[in-house]
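Going line by line, the protein sequences match chains A and B. Heads up: the first sequence at position 77 corresponds to 77 in our numbering, and the numbers run straight through without jumps. Heads up: the second sequence at position 13 corresponds to 13 in our numbering, and the numbers run straight through without jumps.
Mixed in with the good hints there might be a few duds.
The list treats identical chains as interchangeable, and a pair is accepted whether it falls inside one copy or across any two copies.
[As the list claims (entries may be wrong)] 27 Å max Cα-Cα, derived BS3-like pairs, lysine-lysine:
no., residue 1, residue 2
1, Lys17, Lys57
2, Lys17, Lys66
3, Lys49, Lys17
4, Lys49, Lys66
Please keep in mind that the hints were generated in silico from the structure rather than gathered at the bench. Computed from a prediction, not measured in an experiment: that's the story for all the values here.
Protein chains: 2
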Amino acid sequence: MHVTLVHVIVKAEYIDKFIEACRLNHQASIQESGNFRFDILQNAETPQKFVLYESYKSVEDAAAHKNTSHYLNWRETVANWMVEPRQGVRYQGLFPRV
Amino acid sequence: MHVTLVHVIVKAEYIDKFIEACRLNHQASIQESGNFRFDILQNAETPQKFVLYESYKSVEDAAAHKNTSHYLNWRETVANWMVEPRQGVRYQGLFPRV
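Throw the hints in and build the complete structure from the sequences for me.
Given below as structure tokens:
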């Protein structure tokens, strides 16, 4: 698995809108053929902090996500709702073996 | 979902052993009745850094994991292989809704 943890800090007044934008992105992304996980997490202590857990079967599948209309819509929609630029951290998914 | 991201930094000479200990923990944990995800991730840039992505259906399910023999074995096995104490960060899993 090729995993990216995307860390986002959202301006407090946009939290609800951000969650809705992520719901739409989640629903479309899990239908991509190479997608394995697309989980949206909200920090339990600091509700402004989110993590998008994106897991794809191959590097190519992960790259293809960046060209989808739902990703591009999400990116544009949330751009001004972030406190600072989002941070993506890449991981090799060891287990489960997919 | 009740999610914990456990961040671990492993001494370089114990990376292979740590991965094997996590494989055993993963295999047993995904069979717990309340478990939803138990993914083991290795940082793509810094192989000493790992994340355990642990997702349970309820707080009680997550707490029950801490009493299992496989968790206790893992905790004891890897205790001296870490560069510093591991850090667990708790999240509310928003999507998928489980």
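query: So which hints don't hold here, by number, going up?
result: none
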